[in-house]
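In the order they appear, the protein sequences are chains L and F.
Residue numbers for the first sequence, in our numbering: 22 to 274.
Residue numbers for the second sequence, in our numbering: 2 to 182.
Just so you know, these hints were derived from the structure itself, not from any lab.
Errors might be hidden in some of the hints.
[Stated by the list, open to error] Restraint ranges, calculated between C-beta atoms of paired labels, are given here:
id, chain 1, residue 1, chain 2, residue 2, range
1, L, 63, F, 57, 30 to 36 Å
2, L, 172, F, 43, 35 to 41 Å
3, L, 197, F, 61, 38 to 44 Å
4, L, 172, F, 56, 46 to 52 Å
5, F, 177, L, 125, 20 to 26 Å
6, F, 56, L, 22, 36 to 42 Å
7, L, 197, F, 8, 25 to 31 Å
8, F, 52, L, 121, 55 to 61 Å
[Unchecked claim] Taking beta-carbon pairs under 10 Å as the criterion, some of the chain F residues facing chain L (in silico):
id, residue
9, 14
10, 98
11, 101
12, 114
13, 117
14, 159
15, 162
16, 164
17, 165
If you're wondering where the values come from, they're calculated on a predicted model, not measured in any experiment.
C-beta atoms are modelled at their ideal positions from N, C-alpha and C, and glycine is treated no differently.
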Amino acid sequence: MISRARPILGTFVSIRAEADERAVAAAFSAIEQVHHLMNVHSSEGDLARINRSAHRRAVRVHPWTRRVLAIARRVSEASAGAFDVTLGRHRASYSDIELLDGNRVRLRRAARLDLGGIAKGFAVDQAVEALHRHKARSGSVNAGGDLRVFGRNLQDLRVRVPRAPQLTIPLPPAREGAFATSSGYFGSTLADPVSGREAGIEESITIGAPSCAVADALTKAVAAAGPKPELLRQFDAVAFLVDTNGTLYAARA
Amino acid sequence: MRGIDSHLWVPVALACVPAPVQATQYLTVEQAQHALFPQADSFAAAPVRLTPELKGKLLADTGVPTRGDQQRAWSAMRNGALQGHVLVDEVIGKQELITYAVGIGSDGVVRGVEILDYRETHGGEIRDPRWLAQFAGKRGDAPLRLEQDIQNISGATLSCRHVTDGVRRLVALHGLALKGK
């Protein structure tokens, strides 16, 4: 079992795997590549290029960027815009993003996209794929609290308690699956893109789903619009809520 | 927020023992040396004395203060030729205690950063019985203990800004005191 942690994505990414060193190195490079493609601050990344010019002409992007945008659109449509990667103040919405052939992206109007609510989860998925490609038998990838586990054995999972993030409580253990949590602690805030208001949550929302990109995106949709059963069903997801007393609630499809 | 007001949320009866997070050791210094310079065949201690002049220059160049009077560093060698340096440093913040290593090539380019030890420190409230009382009935008699080695914790973790600031400072230090040596 190899266990490594590095500072990436503005947080700490840790990878544990029953695999060789090359597998773990490949997993970290996948995360670094997603970071490069999809963070607003890398000026040559896909996201910066889309924000700069996709409203004037179609921009060719990496297949991963297109996949993230496709997943984002599915979650936006299923949640009636409760999750949306376009920033509200430009009056644009997810429906202004056109995904064209040849991994090209066009914006119907000037808009700024922020993939902060999904890219970290997608990076976890790519790291897990890299571990699978290198024949890892089991493992887990945790990018600042967005995580995914795989393998034959049940793995223990825990979630932080809102307002007391030094404490954790257990979630049901899992063999395969991704878990992402949205909450207001450690200074992060959630905004409801429909109302533009801060969701200002006292509770934290955790989503369990087959992929971490979906789990990551759904946390925002459920925090904003509640754990709608048809939404959870569509993505084969389960929602958890932890209140400030450390009590765990669940909502299923 | 529509949180627990919603009838869709159902309480889950798990044995909810809240446990303080989280301490993990990832690598020893020696393992980190080999991870950062796998081709090196030996590592020679090359500590840097942190004089007030050097500290002042580092602060001016990077805006990051330097503590202590010595910086742990090693020269990575292969067949007697210098490949670069490994510097090991700590972040001791309000919420974190993190040891990390930076590998810097002879050209001054960062080869990699590895976390050696990661530990989120407790706020004082963890030891305050009044604060703990809110978890009464969930804890049973289990003492709150530091959970070693929990990998799978969901929920936002600490920012790595202090570590990336530290890396910047160590790159500057390398340029001033180690490059070519």
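Going down the list of hints, with the structure as the test:
1. Distance hint check: the CB atoms of residue 63 of chain L and residue 57 of chain F are about 33 Å apart, consistent with the given range 30 to 36 Å.
2. The given range of 35 to 41 Å is respected by residue 172 of chain L and residue 43 of chain F, whose C-beta atoms sit roughly 37 Å from each other.
3. For the pair residue 197 of chain L and residue 61 of chain F, the supplied restraint of 38 to 44 Å is violated, since their beta-carbon distance comes to about 52 Å.
4. In this structure the hint that residue 172 of chain L and residue 56 of chain F lie 46 to 52 Å apart at CB holds, the actual value being about 47 Å.
5. At about 47 Å, the beta-carbon gap between residue 177 of chain F and residue 125 of chain L misses the expected band of 20 to 26 Å.
6. One distance hint, 36 to 42 Å for the beta-carbon pair residue 56 of chain F and residue 22 of chain L, holds here, with the actual separation near 40 Å.
7. Between residue 197 of chain L and residue 8 of chain F the C-beta distance comes to about 30 Å, which sits within the given range of 25 to 31 Å.
8. Between residue 52 of chain F and residue 121 of chain L the C-beta distance comes to about 60 Å, which sits within the given range of 55 to 61 Å.
9. With its C-beta approaching chain L no nearer than about 9 Å, residue 14 of chain F sits inside the 10 Å limit, and its interface hint holds.
10. Hint on residue 98 of chain F is violated. Least Cβ distance to chain L is approximately 13 Å, over the 10 Å limit.
11. Hint on residue 101 of chain F holds. Least Cβ distance to chain L is approximately 8 Å, under the 10 Å limit.
12. The criterion of a C-beta within 10 Å of any C-beta in chain L is met by residue 114 of chain F, whose closest approach is roughly 6 Å, and the hint holds.
13. Nearest Cβ of chain L to the Cβ of residue 117 of chain F: about 9 Å, under the 10 Å cut. The hint holds.
14. The interface hint given for residue 159 of chain F holds, since its Cβ lies 7 Å from the closest Cβ of chain L, which is under the 10 Å cut-off.
15. Interface restraint check for residue 162 of chain F: the shortest CB-CB distance to chain L comes to about 8 Å, inside 10 Å, so the restraint holds.
16. Interface hint status for residue 164 of chain F: upheld, as the beta-carbon distance to the closest one in chain L is roughly 5 Å, under 10 Å.
17. Among the interface hints, the one on residue 165 of chain F holds; its C-beta lies about 6 Å from the nearest C-beta in chain L, closer than the 10 Å criterion.
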